[in-house]
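Trainee: Sequence:
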Amino acid sequence: MAESDPKKKQMEYIAITGLVVAALFIGISRFKKDDAKDEVFSKERFKEQWKEVEILEKEVPKEEKPVSYDADAEKAPFKSPIEDEKKIDMAAEDVSLPSMQFQGMVWSSTRPQAIIDNKVYDVNDVIYIGSGEEEKFPIKIVEITKEGIYLRYKGKGFLVKPK
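Residues 1 to 163 in the numbering used here are what the sequence shown lists, from first letter to last.
Incorrect hints may appear among the rest.
Said to hold, decoys possible - Within a straight-line C-alpha distance of at most 20 Å, the following computed EDC-like cross-link-like pairs (lysine to aspartate or glutamate) qualify: (1) 154 x 143; (2) 62 x 52; (3) 146 x 122; (4) 161 x 117; (5) 47 x 59; (6) 62 x 94; (7) 163 x 147; (8) 154 x 94; (9) 156 x 94; (10) 58 x 94; (11) 163 x 122; (12) 156 x 125; (13) 163 x 117.
Stated by the list, open to error - Using C-beta positions, here's what the derived DEER-type ranges look like: (14) 154 x 120: 22 to 28 Å; (15) 100 x 66: 29 to 35 Å; (16) 146 x 118: 19 to 25 Å; (17) 125 x 146: 53 to 59 Å; (18) 59 x 31: 33 to 39 Å; (19) 128 x 66: 48 to 54 Å; (20) 94 x 115: 24 to 30 Å; (21) 66 x 129: 50 to 56 Å; (22) 94 x 120: 28 to 34 Å; (23) 64 x 94: 51 to 57 Å; (24) 62 x 28: 45 to 51 Å.
Please keep in mind that the hints were generated in silico from the structure rather than gathered at the bench.
All residues carry an ideal CB built from backbone N, CA and C; glycine is no exception.
My request is simple: use the sequences and hints to build the entire structure.
Mentor: Structure below.
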């Protein structure tokens, strides 16, 4: 191995030290920059944001409202009182589906359909048959599957199959 000149090494060390000192001075002068428009170190920007935080803090309620539940008033809190009334009304009468001709159905498509009394119906369509008392309770097509057509009439479900 050839030995390098000690004077040359010393010059390299001095040059590297000078570059490091220059980089430190530049970094410190950038860090201590006291510019009012500087986004990172701006005291004015911080004060503006702090005012927004104080305004939002004032809107937060100081105390939480207490929640109470009286178990004596209702045994099942998530049960709808309307469902009980409907069940009583429906149980009182014997419901049978009016006479209709179920001619066909398509269930394996994106839009299942049923043919009833020479008319084509989709899921969630409503069928009106007859007049007077029967028309007050329309027949709704709930679902059309391979098993048949699911209908809802006067709150009761029916499954019918075309012949």
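Trainee: Against each hint, give a clear statement of whether it holds in the structure.
Mentor: Hint check results:
1. 154 x 143: holds (16 Å)
2. 62 x 52: holds (18 Å)
3. 146 x 122: holds (15 Å)
4. 161 x 117: holds (14 Å)
5. 47 x 59: Answer holds: residue 47 to residue 59 is near 19 Å, not above 20 Å.
6. 62 x 94: violated (58 Å)
7. 163 x 147: holds (13 Å)
8. 154 x 94: holds (10 Å)
9. 156 x 94: Holds: residue 156 and residue 94 sit about 10 Å apart, inside 20 Å.
10. 58 x 94: violated (62 Å)
11. 163 x 122: Status holds; Cα separation ~19 Å.
12. 156 x 125: Status holds; Cα separation ~16 Å.
13. 163 x 117: Holds, because 13 Å separates the two Cα atoms, which is no more than 20 Å.
14. 154 x 120: 22 to 28 Å: About 24 Å separates the Cβ atoms of residue 154 and residue 120, which means 22 to 28 Å holds.
15. 100 x 66: 29 to 35 Å: Given range 29 to 35 Å: violated, Cβ gap about 56 Å.
16. 146 x 118: 19 to 25 Å: holds (23 Å)
17. 125 x 146: 53 to 59 Å: violated (19 Å)
18. 59 x 31: 33 to 39 Å: The hinted range 33 to 39 Å holds for residue 59 and residue 31, with Cβ atoms some 37 Å apart.
19. 128 x 66: 48 to 54 Å: holds (51 Å)
20. 94 x 115: 24 to 30 Å: Hint holds: Cβ distance 28 Å, inside 24 to 30 Å.
21. 66 x 129: 50 to 56 Å: holds (55 Å)
22. 94 x 120: 28 to 34 Å: This hint holds: roughly 31 Å between Cβ atoms.
23. 64 x 94: 51 to 57 Å: holds (53 Å)
24. 62 x 28: 45 to 51 Å: holds (46 Å)
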